[in-house]
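J.: Letter by letter, the chains look like this.
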Amino acid sequence: MRRTAKNAGAAGELRRHCFCPASAEHPDRTVPYGRVPVGTYSRPVTSAAVPLLADLTAKARAAAHARSSACPCGAATLADRPDGLVVRHANTVAKAHAPGTDPAALAGRLTLATHHPDILLPPLDRAPADLHGRLTSFWPYGTPVDPDDPDAAPWEAAATLLARLHRTPAPVDLPAMRGPRKAAQAIGRLREAGPHPAAAPVLRAWATLPPWARAEVPMPDTGTLCHGDLHLGQLVRHPAPDGPWLLIDVDDLGVGVPAWDLARPAAWYACGLLPPDEWTRFLAAYREADGPAVPAEGDPWPALDVPARALTAQTAARAVTKALAAGRPLDEVEQSVVDACDRMATVPPQLAQDHAK
Amino acid sequence: MQCPKCRAPMHTYNRNGVQIEQCSGCRGIFLDYGELESLTRLEAQWSQAAPPPPPAPQAYPAPPAPAWGAPHGGHGHHGHHGHHRNKSFGHMLFSS
Chain A
1 MRRTAKNAGA
11 AGELRRHCFC
21 PASAEHPDRT
31 VPYGRVPVGT
41 YSRPVTSAAV
51 PLLADLTAKA
61 RAAAHARSSA
71 CPCGAATLAD
81 RPDGLVVRHA
91 NTVAKAHAPG
101 TDPAALAGRL
111 TLATHHPDIL
121 LPPLDRAPAD
131 LHGRLTSFWP
141 YGTPVDPDDP
151 DAAPWEAAAT
161 LLARLHRTPA
171 PVDLPAMRGP
181 RKAAQAIGRL
191 REAGPHPAAA
201 PVLRAWATLP
211 PWARAEVPMP
221 DTGTLCHGDL
231 HLGQLVRHPA
241 PDGPWLLIDV
251 DDLGVGVPAW
261 DLARPAAWYA
271 CGLLPPDEWT
281 RFLAAYREAD
291 GPAVPAEGDP
301 WPALDVPARA
311 LTAQTAARAV
321 TKALAAGRPL
331 DEVEQSVVDA
341 CDRMATVPPQ
351 LAQDHAK
Chain B
358 MQCPKCRAPM
368 HTYNRNGVQI
378 EQCSGCRGIF
388 LDYGELESLT
398 RLEAQWSQAA
408 PPPPPAPQAY
418 PAPPAPAWGA
428 PHGGHGHHGH
438 HGHHRNKSFG
448 HMLFSS
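Residue numbers (the working numbering), protein chains in the order written: chain A, 1 to 357; chain B, 358 to 453.
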């Protein structure tokens, strides 16, 4: 199935905007990059955002032309969200990180990606640049997972990369992985979004979590390197189009509880959304690669339970917030995540057992 | 109460009017005297009311899932196999 403007537009926040006169020639038109934005700007663009987008696009073009004298000049906005603006020009991707990003923390994360090019896509330059008050970074383009063919999702590669990341010694000055903080932000936005019948079960599920999972106290594990925001949009093949799979997006990377990185697929499986065989492939590949987040054998849920609850609550909170903003009911998939939250309140969380190797 | 097997605390649940205790550690289940019979009786009533269809053949046992998970074999796992993955879930797979 070819991605259409209609179903890409359903992604809501995704936008595409082109500054290249030869737009019909764009090589990326049929090659999606994670959440490929298609459509036109339908929400107000602030006066501050216009120069940022234009200048980020110009920077991406300049960086691309510096890398290749024969540039096909294909440009596209890959993502335009509050937490990051991402622009592609041919073989180069430029990202303006979220406002308020800590420069030292980002520099540490970029340096780490530079040092582990077999796990993380390495940036073109390890020092972030300043553009209109936003920190920016530059990356080689990689081919993403095809959103129209999630059955071809590289579960084994994702699990193996995570296991390798989790076994990599963490630099002493790396900040904490930001997963719990992002979950807490989603819950905060749900609280501000106004009344909704599904808000109560989500908040009850959130209340079952220990304080570390709600970002109220530091995480219990501060020695393990974690990605912090794993989903299928965080994997690319580099060099494009058929190089090895690598992880992208270092914004949430840091030290913490490694089970957090397995918890999104775990939550999808628990909610009845991810088929058992795909979950089994992911978990088996992680164990095969000696990943330390779960015991090598037996029930993985004592380790996964708390992070999977947190990510289920986060996903449900985002779904309810978006449905409220759009004035639409929850769809069947969103409702199944809310239903899982509802069941959590009746079952106390499992305690992770120490299975450190 | 404490689990006789692993000593973790046990929590009480009500299943169709039958009180059962489940261990928060090993997830074993403790039944009081007569509770197994109550469950068997309830199951028999259920079978008489609507005989359940024979279980679908399964090549491998389902991997473990948390107690708060969707019921296995329920509607949740249907419709996601093959090439008809739900569009909303397809989007969720790629979302923070």
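Incorrect hints may have been included.
Said to hold, decoys possible - Where chain B lies over chain A, by a calculated footprint (3+ residues, C-beta under 8 Å): (1) 89 to 101; (2) 162 to 168; (3) 328 to 337.
To be verified - To give an idea of the chain A side of the interface with chain B (calculated C-beta under 10 Å), a few residues: (4) D125; (5) L131; (6) D151; (7) P175; (8) C271; (9) A340.
As the list claims (entries may be wrong) - Chain A regions said to be covered by chain B (calculated; three or more residues, Cβ under 8 Å): (10) 260 to 270; (11) 306 to 320; (12) 343 to 350.
Everything labelled a hint here was simulated from the structure, so no lab data went into it. Note that beta-carbon positions come from the ideal geometry of N, C-alpha and C, so glycine has one too.
J.: In ascending order, which of the hints set out earlier in this document are inconsistent with the structure?
T.: 1, 2, 4, 5, 7
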